[in-house]
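**Q** In this text, residue positions in the sequence shown follow UniProt numbering: the first is 1, and each later residue adds one.
What the hints contain is simulated information worked out from the structure, not anything from laboratory work.
Each hint should be verified, as a subset may be incorrect.
Derived Cβ-Cβ restraints for the label pairs, each shown as a range [claimed, not checked]:
# : residue 1 : residue 2 : range
1 : D229      : D37       : 45 to 51 Å
2 : T190      : D229      : 36 to 42 Å
3 : E21       : A85       : 49 to 55 Å
4 : E172      : Q28       : 30 to 36 Å
5 : P3        : G54       : 44 to 50 Å
6 : N129      : P228      : 31 to 37 Å
Below, in silico cross-link-like pairs of lysine-lysine (DSS-like), each with a Cα-Cα straight-line distance of 25 Å or less [stated by the list, open to error]:
# : residue 1 : residue 2
7 : K252      : K149
8 : K226      : K245
9 : K88       : K148
Note that beta-carbon positions come from the ideal geometry of N, C-alpha and C, so glycine has one too.
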Amino acid sequence: MKPVLAITRRLPEAVEKRARESYDLRMQDGDDPLSRDQILDLCKDANAALVSVGDPIDAAFFAALPQKVGIIATFSVGTDHIDLAAAKANGFVIGNTPGVLTDATADIAWLLILGAARRASEGEAEVRNATWSSWRPTHLMGTQVTGKKLGIVGMGRIGQAVAKRARGFDMEVHYFNRRRLPEDQEFGATYHSTIDDLLPHCDFLSLHCPSTPETRGMVNRNFIAKLPDGAIIVNTARGDIVNDKDLIAALKSGKLTAAGLDVFAGEPNIEPTYRDLPNTFLLPHLGSATVETRNAMGFRALDNIDAFIEERVIPFKV
Numbered sequence: 001m002k003p004v005l006a007i008t009r010r011l012p013e014a015v016e017k018r019a020r021e022s023y024d025l026r027m028q029d030g031d032d033p034l035s036r037d038q039i040l041d042l043c044k045d046a047n048a049a050l051v052s053v054g055d056p057i058d059a060a061f062f063a064a065l066p067q068k069v070g071i072i073a074t075f076s077v078g079t080d081h082i083d084l085a086a087a088k089a090n091g092f093v094i095g096n097t098p099g100v101l102t103d104a105t106a107d108i109a110w111l112l113i114l115g116a117a118r119r120a121s122e123g124e125a126e127v128r129n130a131t132w133s134s135w136r137p138t139h140l141m142g143t144q145v146t147g148k149k150l151g152i153v154g155m156g157r158i159g160q161a162v163a164k165r166a167r168g169f170d171m172e173v174h175y176f177n178r179r180r181l182p183e184d185q186e187f188g189a190t191y192h193s194t195i196d197d198l199l200p201h202c203d204f205l206s207l208h209c210p211s212t213p214e215t216r217g218m219v220n221r222n223f224i225a226k227l228p229d230g231a232i233i234v235n236t237a238r239g240d241i242v243n244d245k246d247l248i249a250a251l252k253s254g255k256l257t258a259a260g261l262d263v264f265a266g267e268p269n270i271e272p273t274y275r276d277l278p279n280t281f282l283l284p285h286l287g288s289a290t291v292e293t294r295n296a297m298g299f300r301a302l303d304n305i306d307a308f309i310e311e312r313v314i315p316f317k318v
């Protein structure tokens, strides 16, 4: 008999097809977010579970999860939706999907940079709503990207990919990371040992740090005050590293020219004021949303489960 695999959300067709070949699947018919109890019910006779961002994989979940479910593989790089300490304490292995969504997310960061700088949301709305009257010399003038200074917070795989792309825009790149990278991974960027040292050098600031107790709410009034006037912030990391109230105040006051956001605290129930601000460029968490990347994420998650089921080892372990 095939091992039983519980999957909490619908996955790309190619991923589900591969999963069916090796496992007896337990899945919902629809694609709604499931509660903790619904996920536990799905897992009651499973040998493994494949979860997604937003699933409540917390201490209460692990306390109630049958020990038969040896591994929880998440369809994500980030694990902030999982209580890792509780997983370890209860003897469960956690697998994630690093290394497969770097380029797709870096591309979205650049879409946010360009979209926010060039007022793309306002321009598209005029075309779609038939309110564009004519070409005018002063119409929707935005901010030049080429030749400006780009700051990066978190110089992991995605941060490095963003820095690499910035070279094509002749940007001066600065970054903060917990440690300095080897020169061949910096792509000519200047290292700053503290965020406070970095911020004055950022015409644009791209966020790529994980959500941790230290980073949650990090982008607040004091943080923003250290940026140059008129700076632009983009976020493809996690929504809760931004203090929404303080970011919105800076966008309203003109301290910040614009913001490009792909992630939000409490998504999809975002702070509604963002929708009313013309100087925001907003996307619904599309960082990894390409066919190629989502397939690769699913295959990596299944690789993790296969390795655990077959050999009791896991190649990509948190």
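**Q** Next, verify each hint and record whether it holds.
**A** The hints, checked one at a time:
1. D229 with D37: 45 to 51 Å: holds (50 Å)
2. T190 with D229: 36 to 42 Å: With Cβ atoms ~21 Å apart, the hint is violated.
3. E21 with A85: 49 to 55 Å: violated (34 Å)
4. E172 with Q28: 30 to 36 Å: Given range 30 to 36 Å: violated, Cβ gap about 49 Å.
5. P3 with G54: 44 to 50 Å: violated (25 Å)
6. N129 with P228: 31 to 37 Å: holds (33 Å)
7. K252 with K149: Roughly 23 Å separates the two Cα atoms, so the pair holds.
8. K226 with K245: Holds, because 17 Å separates the two Cα atoms, which is no more than 25 Å.
9. K88 with K148: Not OK: K88 and K148 at ~45 Å, beyond 25 Å, violated.
Of the numbered hints given earlier, the model fails hints 2, 3, 4, 5, 9; all others are met.
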